[in-house]
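Number of protein chains: 2
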Amino acid sequence: MQRMVREDFLKKAEGLKPQLVQTVRYPNHIVKIQKDDQGKGHIIEQKNAEALRTITMGKGETICLDFEDHYVGYLTLHISTVGSPPDAPLFMKLKFGENATEITDRAEDYDGWISRSWIQEEYIHVDVFPAVLTLPRRYAMRFLEITVLDTSRKYKIRLDQVSFLSVSAVDASKVPALSYGDALLRRMDQVSIKTLEDCMQDVFEDGPKRDRRLWMGDLRLEAIANYETFRNYDLVKRCLYLFAGSRLENGAVGACLFTEPVIQVDDTYMYDYALFYVAVLLDYYEASGDIQTARELWDVAYRQLEIGVQALDEHFLIGEENQAFLDWKAGLNKQAGAQGVLIYCLRCGIRLADLLGYDVNRMEEWLERAVQAAKDYLWDPKQRLFISGKERQISYASQVWMILAQVWDTETNRELLDRILSLDPEMNMVTPYMNHHFVAACILCGEYERAMQYIRTYWGGMVQEGADTFWELYNPKNKTESPYGSSIINSYCHAWSCTPTYFFRKYEQKWRQQQ
Amino acid sequence: MQRMVREDFLKKAEGLKPQLVQTVRYPNHIVKIQKDDQGKGHIIEQKNAEALRTITMGKGETICLDFEDHYVGYLTLHISTVGSPPDAPLFMKLKFGENATEITDRAEDYDGWISRSWIQEEYIHVDVFPAVLTLPRRYAMRFLEITVLDTSRKYKIRLDQVSFLSVSAVDASKVPALSYGDALLRRMDQVSIKTLEDCMQDVFEDGPKRDRRLWMGDLRLEAIANYETFRNYDLVKRCLYLFAGSRLENGAVGACLFTEPVIQVDDTYMYDYALFYVAVLLDYYEASGDIQTARELWDVAYRQLEIGVQALDEHFLIGEENQAFLDWKAGLNKQAGAQGVLIYCLRCGIRLADLLGYDVNRMEEWLERAVQAAKDYLWDPKQRLFISGKERQISYASQVWMILAQVWDTETNRELLDRILSLDPEMNMVTPYMNHHFVAACILCGEYERAMQYIRTYWGGMVQEGADTFWELYNPKNKTESPYGSSIINSYCHAWSCTPTYFFRKYEQKWRQQQ
Chain A
126 MQRMVREDFL KKAEGLKPQL VQTVRYPNHI VKIQKDDQGK GHIIEQKNAE ALRTITMGKG
186 ETICLDFEDH YVGYLTLHIS TVGSPPDAPL FMKLKFGENA TEITDRAEDY DGWISRSWIQ
246 EEYIHVDVFP AVLTLPRRYA MRFLEITVLD TSRKYKIRLD QVSFLSVSAV DASKVPALSY
306 GDALLRRMDQ VSIKTLEDCM QDVFEDGPKR DRRLWMGDLR LEAIANYETF RNYDLVKRCL
366 YLFAGSRLEN GAVGACLFTE PVIQVDDTYM YDYALFYVAV LLDYYEASGD IQTARELWDV
426 AYRQLEIGVQ ALDEHFLIGE ENQAFLDWKA GLNKQAGAQG VLIYCLRCGI RLADLLGYDV
486 NRMEEWLERA VQAAKDYLWD PKQRLFISGK ERQISYASQV WMILAQVWDT ETNRELLDRI
546 LSLDPEMNMV TPYMNHHFVA ACILCGEYER AMQYIRTYWG GMVQEGADTF WELYNPKNKT
606 ESPYGSSIIN SYCHAWSCTP TYFFRKYEQK WRQQQ
Chain B
126 MQRMVREDFL KKAEGLKPQL VQTVRYPNHI VKIQKDDQGK GHIIEQKNAE ALRTITMGKG
186 ETICLDFEDH YVGYLTLHIS TVGSPPDAPL FMKLKFGENA TEITDRAEDY DGWISRSWIQ
246 EEYIHVDVFP AVLTLPRRYA MRFLEITVLD TSRKYKIRLD QVSFLSVSAV DASKVPALSY
306 GDALLRRMDQ VSIKTLEDCM QDVFEDGPKR DRRLWMGDLR LEAIANYETF RNYDLVKRCL
366 YLFAGSRLEN GAVGACLFTE PVIQVDDTYM YDYALFYVAV LLDYYEASGD IQTARELWDV
426 AYRQLEIGVQ ALDEHFLIGE ENQAFLDWKA GLNKQAGAQG VLIYCLRCGI RLADLLGYDV
486 NRMEEWLERA VQAAKDYLWD PKQRLFISGK ERQISYASQV WMILAQVWDT ETNRELLDRI
546 LSLDPEMNMV TPYMNHHFVA ACILCGEYER AMQYIRTYWG GMVQEGADTF WELYNPKNKT
606 ESPYGSSIIN SYCHAWSCTP TYFFRKYEQK WRQQQ
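Each protein sequence line maps, in turn, to chains A and B.
Under this note's numbering, think of the first position of the first sequence as 126, with each following residue one higher.
Under this note's numbering, think of the first position of the second sequence as 126, with each following residue one higher.
Okay, chain A solo, but in the shape it has when bound (with noise of 0.2 Å):
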């Protein structure tokens, strides 16, 4: 494939590469861990980490640590021997996992369809004792299961110290607590905090399990939560000149980048996700106030809107088979999700231009052609729903978008609203990320309650599951769903799912009227 790169952007972005703030970290406990009847890891038994360096390891025998707190970084390990000399290595397995149900899992029962490499387990010989082991690889973790697979009936292993070089580019105890809500609002913050927290290394990353990469998608989110707490407006602006500094042949924004062993757009390109460009710009000059950034960036967001609008047909809509993400929720159809992310980065656009003194007759126009498009092709007049593509689909994602985009007035909005909810329709939302946007459009139609009331049942769901971070996907009617074939291989600290915190501090005068 071709790309289209500008080496300035990317020069640009090189120096806005953040210095990595490094804390140590140790286990708290040595806990044991069991499954239960649906399949999910319980901590049954826990005594404090300080026994560690009583306890000797021989061929066979397993020890699971807690450090009681999702991080990510790097695995010291210092272990020593105990009998005669060691006469042979040891041969360990180590399994990381970001919560309880990792560690039960087998990765060998794994055959889903994406790559079994993401299960963070390592297979490991040493020969030379006493070893410090510092692993290569990065993890992201709360749980390490050390496994003894062999040592040599002469000897023993011993670990005299475990530790953990976590990693961010930010520093989560520097943000202030919230202050109001309860209990369960507080800990919805702080895990939300955390979440982002851990996924903010070198780039605003998607997760730091996986993908480990830096998704327009994830991004956008996690620039709204960042501007509300860390406020590093940096690392927003290095992401954007990285997404600007290597695109796709036509000039699109890919839908995501690979960073490593040099700055790469995938070849990967979402509809939906190219056009959000035009948001994250918009969002980080309202926030940052760097209009430098703003007018440097402007073609680049511009030549987005451009490309979404010729892929539209001649009614100015865009057709069913589009590449747009919006959702996992399997067999949803996006053509009208896409339409309304459309308009809804047309007017980020259009208000971006009007802030920095650019005409805007170009974009009011198809903004306008967009919305009627709408209006006519995707809205059932008698249903007062909107539906998507030949068999008139009905889902939560068309109404939520269409909601975003503002194609109705707010009174309509809020009918709408009602109307998917009380419809409760099959296809409903599946990830954290789309859940976000209901609540963004119950807000959007003045709808507080509402969207506090969501917030607390579904994040609060997983904070009610133990959740140290916020996951990939959630689904409370279906606690194992993944849509890779396997729970083993999600994402448990997922960017896209840090927006509470977003919300609470954003809306929390509007919070605080309401108690």
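A couple of the hints might just be wrong.
Repeated chains share a single entry, so a pair holds when one copy, or any two copies, can fit it.
Claimed, not checked - Derived lysine to any residue pairs resembling SDA-like cross-links, with alpha carbons at most 20 Å apart: (1) Lys-184 - Asp-236; (2) Lys-218 - Ile-249; (3) Lys-137 - Asn-173; (4) Lys-218 - Val-387; (5) Lys-281 - Ala-176; (6) Lys-635 - Gly-610; (7) Lys-218 - Leu-274; (8) Lys-160 - Tyr-502; (9) Lys-218 - Arg-262; (10) Lys-279 - Gly-237.
Since the hints were derived computationally from the structure, they do not count as laboratory data.
For chain A, the structure is supplied; the task is to place chain B on it using the hints.
Below, chain B alone, put in the same frame as chain A:
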């Protein structure tokens, strides 16, 4: 345990550390290996390794590379990807085989008593491509099997280059080829030298796959083979100083030494191995003429004889519960063999003291009493065989060591050899190490033709089985025999097996006469 440490000796040994010869090796063929009915692996297909660059590998795909000779060293893989940018790590398994059977055997099936950690396999994740991956551990191998456990649906890998940096303290290409003999003889000579080359590293190792360690029994045979081939006196000298520098509490030389992270004698004492220090020092002096070392280490050697004698009972007889090794033969009673080794080493001590001009009276007295005890208590005059232990066990090992000890004159010894061969007791010999001593006994009796015939049958059998290097274990009657529970753990390049070249070159004139 307490150790007796002589820093001055260890410092001298450190100064004799060899600079290893490094050579880059490339695979010759891509092969397919299949197990036969006897459980032995065979190459059933091969093509030129040039084809490697045209092969892409995805999930579940395996390739086996044949370097066409045995090497010890470090692997480097140059891996690139084909398809989309790699959106998940590569997870792969590497398996190193000294021979084809190790490739077909499954490590998971191994359940023997020595550590599974010796099986040369690694599970590796690679995150960033193109990757140049140099594995930190050293391997002993001819075959390398690479299995892709997973990549992702979006990419496959290609092996742009596979190289293996072989290391040794010596260079076999500098040893002149055997100047006589037929193809089998010459091949056995080559295989001996290759075995020795691959075992000569920082120290004389027993086997570069396992245990990678300095054992006295192996050192003794390696040293004499080395004097006839590489003539690297410094490496023997280094090992003599190492054994002298870190000893057991009472000054006994340990059965083996660890060299990493520091020089340290193992807590394993073996009656015969400690005594052999005297033999190794004598052999070294006779080969090198280095009188200074012989003088400096004489006290250490003499101490081994003292300890050996102190272990005897009132009749000057060693007990049957002594800690001699002699052979891996299960059930072998070690009384007579150990007595034989003691006598053999007393003779070595007397000869060395004589050469150095030291007093030999004490040793002469010990020798006389030890020989007499052997005659009085271990010789069965009716059977005209040596017996061992209360149960009066008759074994090859007992006769062989009593012949080498020269308890009787040459004529009686020759008759003894005939007698044990015609009796062929169940207590036979299982290691090439014990078989070496049988050949040495034949030669001592002047039975050159018998010795040569035996080498042809025994070591020649390994060559006919396709050996590139001689093995730790070989029983022509039970080819998958292992004292460890499975042949996957056996070492197939083992020092104590390298002596055909010693016999061919040391006794060249004798063999030439026979032709």
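To see whether the hints hold, each was checked on the structure:
Taking CA atoms no more than 20 Å apart as the test, Lys-184 paired with Asp-236 passes between copies only; the shortest distance there is 11 Å, against 28 Å inside one copy. Proximity of Lys-218 to Ile-249 under the C-alpha cut-off of 20 Å is found in both arrangements, the shortest distances being 6 Å within a copy and 12 Å between copies. When the C-alpha separation of Lys-137 and Asn-173 is checked against a cutoff of 20 Å, the pair qualifies neither within a copy, at 48 Å, nor between copies, at 48 Å. In this assembly of identical chains, Lys-218 and Val-387 lie within 20 Å of each other by CA distance neither inside one copy nor across copies; the values are 31 Å within and 26 Å between.
Proximity of Lys-281 to Ala-176 under the C-alpha cut-off of 20 Å is restricted to the intra-copy arrangement: shortest distance 16 Å within a copy versus 45 Å between copies. In this assembly of identical chains, the alpha carbons of Lys-635 and Gly-610 never lie at most 20 Å apart, being 41 Å within a copy and 73 Å across copies at closest. When the C-alpha separation of Lys-218 and Leu-274 is checked against a cutoff of 20 Å, the pair qualifies both within a copy, at 7 Å, and between copies, at 16 Å. In this assembly of identical chains, the alpha carbons of Lys-160 and Tyr-502 never lie at most 20 Å apart, being 50 Å within a copy and 67 Å across copies at closest.
When the C-alpha separation of Lys-218 and Arg-262 is checked against a cutoff of 20 Å, the pair qualifies both within a copy, at 15 Å, and between copies, at 17 Å. Taking CA atoms no more than 20 Å apart as the test, Lys-279 paired with Gly-237 passes between copies only; the shortest distance there is 15 Å, against 41 Å inside one copy.
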